[in-house]
Amino acid sequence: MDSLNPDHPPLVMTPAPPRVWKFWGTALWGLFIFAAMFVGQIGAIVLLVVMRGLPANLSSVELVGHEPQALGLSVIMGLPTTLAAVWLAIRIKKASFVDYLALYWPSWKQLLFGAVGLVLIVLAWEVASRSLGREATPGFMTDLLKSGRDKGAALLLLVAFSVAAPMSEEVLARGFLFRGWSASFLRVPGAILLSSLVWTVVHLQYDIYFLAEVFTIGLWFGYMRYRANSLWLTIILHALNNMTAVVLTMWLGG
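First residue of the sequence shown: 1, per the working numbering; consecutive thereafter.
Quick caveat, the hints were computed from the structure, so don't treat them as lab data.
Treat the hints with care, as some may be off.
[Claimed, not checked] DMTMM-like mimics (lysine to aspartate or glutamate), calculated; alpha carbons at most 25 Å apart, straight line: (1) Lys146 - Glu213; (2) Lys151 - Glu126; (3) Lys151 - Glu62; (4) Lys22 - Asp99; (5) Lys109 - Asp99; (6) Lys146 - Glu126; (7) Lys146 - Asp207; (8) Lys93 - Glu213; (9) Lys146 - Glu135; (10) Lys151 - Glu67; (11) Lys146 - Glu67.
[To be verified] DEER-style ranges, computed between Cβ atoms: (12) Arg19 - Val127: 41 to 51 Å; (13) Gly53 - Ser131: 49 to 59 Å; (14) Gly25 - Lys151: 35 to 45 Å; (15) Ser59 - Asp143: 19 to 29 Å.
We treat Cβ as the ideally placed atom computed from N, Cα and C, and that holds for glycine.
With the sequences and hints as input, model every part of the structure.
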């Protein structure tokens with residue numbers, strides 16, 4: 001038998017290397033995914049403008065877009081377009097959607113560790129804000145959430161900011177971008193840094209102080225994504241962080 005013949009050793013099947021977009025491929029697809037998210041969000045506003053019979057122009061979009069209900073719907077509608085764009089990018093590589101994004105459930109220890117770290121970071125920024133006499137939450141977000149509460153859009157905004165936004169942003173930043181960049185010359189540290197920076201840029205509606213807070217939280221999410229190899233972990237942590245902020249601002253913020 002050939003398997004017992006030293007001149008003819010048995011064939012050993014080596015696993016194929018994972019199909020991953022590297023640095024530039026990930027960067028370009030990342031722009032496409034972000035554009036898809038924007039199209040989904042602005043598309044929801046445009047749809048409301050058309051349904052109300054308003055003129056199809058920028059002024060109408062801006063007018064409707066400032067309403068709490070419209071903004072909540074906009075954030076929610078950005079999720080399916082984001083997922084569709086990510087699915088397309090991964091499908092072209094003929095890779096597993098679950099494996100590519102590390103959609104694995106974390107252990108309770110990993111979840112607890114991630115939550116404790118997040119709480120410590122948020123508390124540190126809370127102390128810094130109080131010592132500097134700054135608001136702990138951006139003023140425009142406080143106004144938006146309280147206005148939504150008063151206008152009956154509290155549940156919609158809660159779903160938008162505590163479910164849709166964390167899923168969209170994590171799938172893009174700690175999911176797709178981290179996966180590709182960590183497999184490139186950036187390696188894991190560079191991928192954590194750059195994906196956190198991109199995630200921070202997504203929040204340019206904030207001032208430099210709050211952007212610094214977002215960046216530090218992003219670094220922690222990136223580290224936990226690497227440590228636990230679980231995107232669900234960062235989605236849960238992101239959702240808990242947003243949910244806490246929304247609930248405190250809407251109902252306990254005076």
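Requested in this report: Mind checking the alpha carbons of Lys151 and Glu126 for me, to see if they're no more than 25 Å apart?
Outcome: violated, 29 Å
Query raised in the report: Is the distance from the Cβ of Ser59 to the Cβ of Asp143 consistent with 19 to 29 Å?
Result: holds, 21 Å
**Report entry** Pairwise hint evaluation, Glu126 against Lys146, where the allowed Cα distance is 25 Å at most
**Finding:** holds, 20 Å
Requested in this report: Assess, step by step, whether the Cα of Lys146 is no farther than 25 Å from the Cα of Glu213, and give holds or violated.
Outcome: With a Cα-Cα distance of about 23 Å, the restraint between Lys146 and Glu213 holds, given a limit of 25 Å.
Query raised in the report: So the hint says 49 to 59 Å: do the beta-carbon atoms of Gly53 and Ser131 match that?
Result: holds, 51 Å
Query - Restraint status (C-alpha distance of Lys146 to Glu135 at most 25 Å) - result: Roughly 15 Å between the alpha carbons, so the hint for Lys146 and Glu135 holds.
Requested in this report: Starting from Lys146, check that the Cα of Asp207 is at most 25 Å away, please.
Outcome: holds, 20 Å
Query - Assessment of proposed distance window 35 to 45 Å (beta carbons of Gly25, Lys151) - result: holds, 44 Å
Query - Pair hint Lys146 and Glu67, alpha-carbon separation not exceeding 25 Å - result: holds, 12 Å
Query raised in the report: CA of Lys109 to CA of Asp99, is that 25 Å or under?
Result: holds, 22 Å
**Report entry** 25 Å limit on alpha-carbon distance, applied to hinted pair Lys93 and Glu213
**Finding:** Violated, at about 35 Å.
Query - Whether the CB-CB distance between Arg19 and Val127 falls inside 41 to 51 Å - result: holds, 46 Å
Checked against the numbered hints listed earlier, the structure breaks hints 2, 8; every other hint is satisfied.
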